[in-house]
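Taken in sequence, the protein lines are chains A and B.
Position one of the first sequence corresponds to residue 1 (the UniProt record's numbering), numbered consecutively onward.
Position one of the second sequence corresponds to residue 1 (the UniProt record's numbering), numbered consecutively onward.
None of these hints come from the bench; they were simulated from the model.
Be aware that one or more of the hints could be misleading.
Quick list of simulated restraints, FRET-style, between CB atoms [stated by the list, open to error]:
#, chain 1, residue 1, chain 2, residue 2, range
1, B, Asp39, A, Phe125, 29 to 39 angstroms
2, B, Thr27, A, Ser149, 19 to 29 angstroms
3, A, Gly172, B, Gly40, 47 to 57 angstroms
4, B, Asp39, A, His13, 28 to 38 angstroms
5, B, Gly60, A, Ala160, 24 to 34 angstroms
Only part of the chain B face toward chain A is listed, based on derived beta-carbon distances under 7 angstroms [as the list claims (entries may be wrong)]:
#, residue
6, Thr27
7, Val37
8, Leu43
9, Pro44
10, Leu55
11, Thr57
12, Gly60
13, Ala68
14, Val86
15, Val93
16, Ser95
17, Pro102
18, Leu117
None of the values given here were measured: they were computed from a predicted structure.
Ideal Cβ placement from N, Cα and C applies to all residues, glycine included.
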Amino acid sequence: MGSAASEPRTAQHLAPTVDRSVKVLVVGAFGVGKTTLIRAVSEIPMLSTEESITTASVGVDPRRDEKRTTTVAMDFGRVTVGSDTALYLFGTPGQRRFWDLWSGLADGAVGALVMVDTRDLAQSFEVLDQLEEHTRLPVAVVVNEFPDSPRHALDEVRAALDLPKGTPVVSGDVRGRPRAVEALTTLVAHALELRRAEGVAA
Amino acid sequence: MHSDGYRDHPVRSYVLTGGRAHPTRNTLRPETLLRAVDDGRELPGTAGRHERALLQTCRGTLALAELAAYLHLPVSLVAVLVSDLVDGGYLAVLSTPVHDLPDTDLLEEVLDGLRGL
Ligand SMILES: Nc1nc2c(ncn2[C@@H]2O[C@H](COP(=O)(O)OP(=O)(O)OP(=O)(O)O)[C@@H](O)[C@H]2O)c(=O)[nH]1
Ligand SMILES: [Mg+2]
């Protein structure tokens, strides 16, 4: 990091008509399929950035602080929707210890796609808890089906995860673009519904 | 203030950015769209190589996070460089940042766009 500014990968610019952007977070435990989903949707090769996050406040010994700095890779993709809007998909691990990294990402986001692996549902609790505690982001759950995943009815998953009422749950193999796009569409439709309900209530 | 949530190593950021540890504009987000201003004006000789590479890369529209990825620099650091270049008139911010949650117009447009993919 920080040394390769002389030879950047050829940038794939957006169309000149694009002047709006919006983002979705793709959150979930390690290896649950975040990168796979983003890659399936993205119009550009996956990009990634590394962020150093400092978990402790700055102390007296700078060398010790250095040791408490962890580097987290955040990968992302992009898809142009309509003629003037770029949708960014940011993949981020949702665990508590990474909260500093994605708290900044959450502001202004359409919502979060929470990816869940039914072979280890418990791993998803922390991610959902973090979202609920720190944000009011609309959430849709994607149950990623691996070949050896036990097949649960989506209602069972919903109950096990104790999801707020109305939270959409979709499932399928997100390596294919249609399924990945469908998951996104579900999230955006849900966000729109929530937003409209809010408008009515206000 | 860490309102952008990005906390690169504070000391290194401070040194690399010539003493300004945080962006002057807290409106910059990873998805903020940017493009170099094409008016033939050259960067001053004192500009660093990161600034030069940044403007070079941003000849067409890119988001802040894309710039960071292409330049192999943390988003937090690129945000500082960008905000200086915007203040200097070398770089334009094209998108208005969404705060909190996007409004229904934007969501409808995104939904239509996704259905058209
Ligand atoms: N069969 C099947 N395999 C999948 C699916 N989604 C992802 N995989 C595989 O699961 C593995 C992990 O997927 P990734 O997309 O890298 O997961 P990730 O969440 O980005 O992982 P980390 O970034 O390491 O946390 C890869 O080998 C994928 O090919 C799916 O829907 N079906
Ligand atoms: Mg990944």
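| Which of the numbered hints above does this structure break? | The structure breaks hints 1, 2, 4, 5, 6, 7, 8, 9, 10, 14 and 15; every other hint is satisfied.
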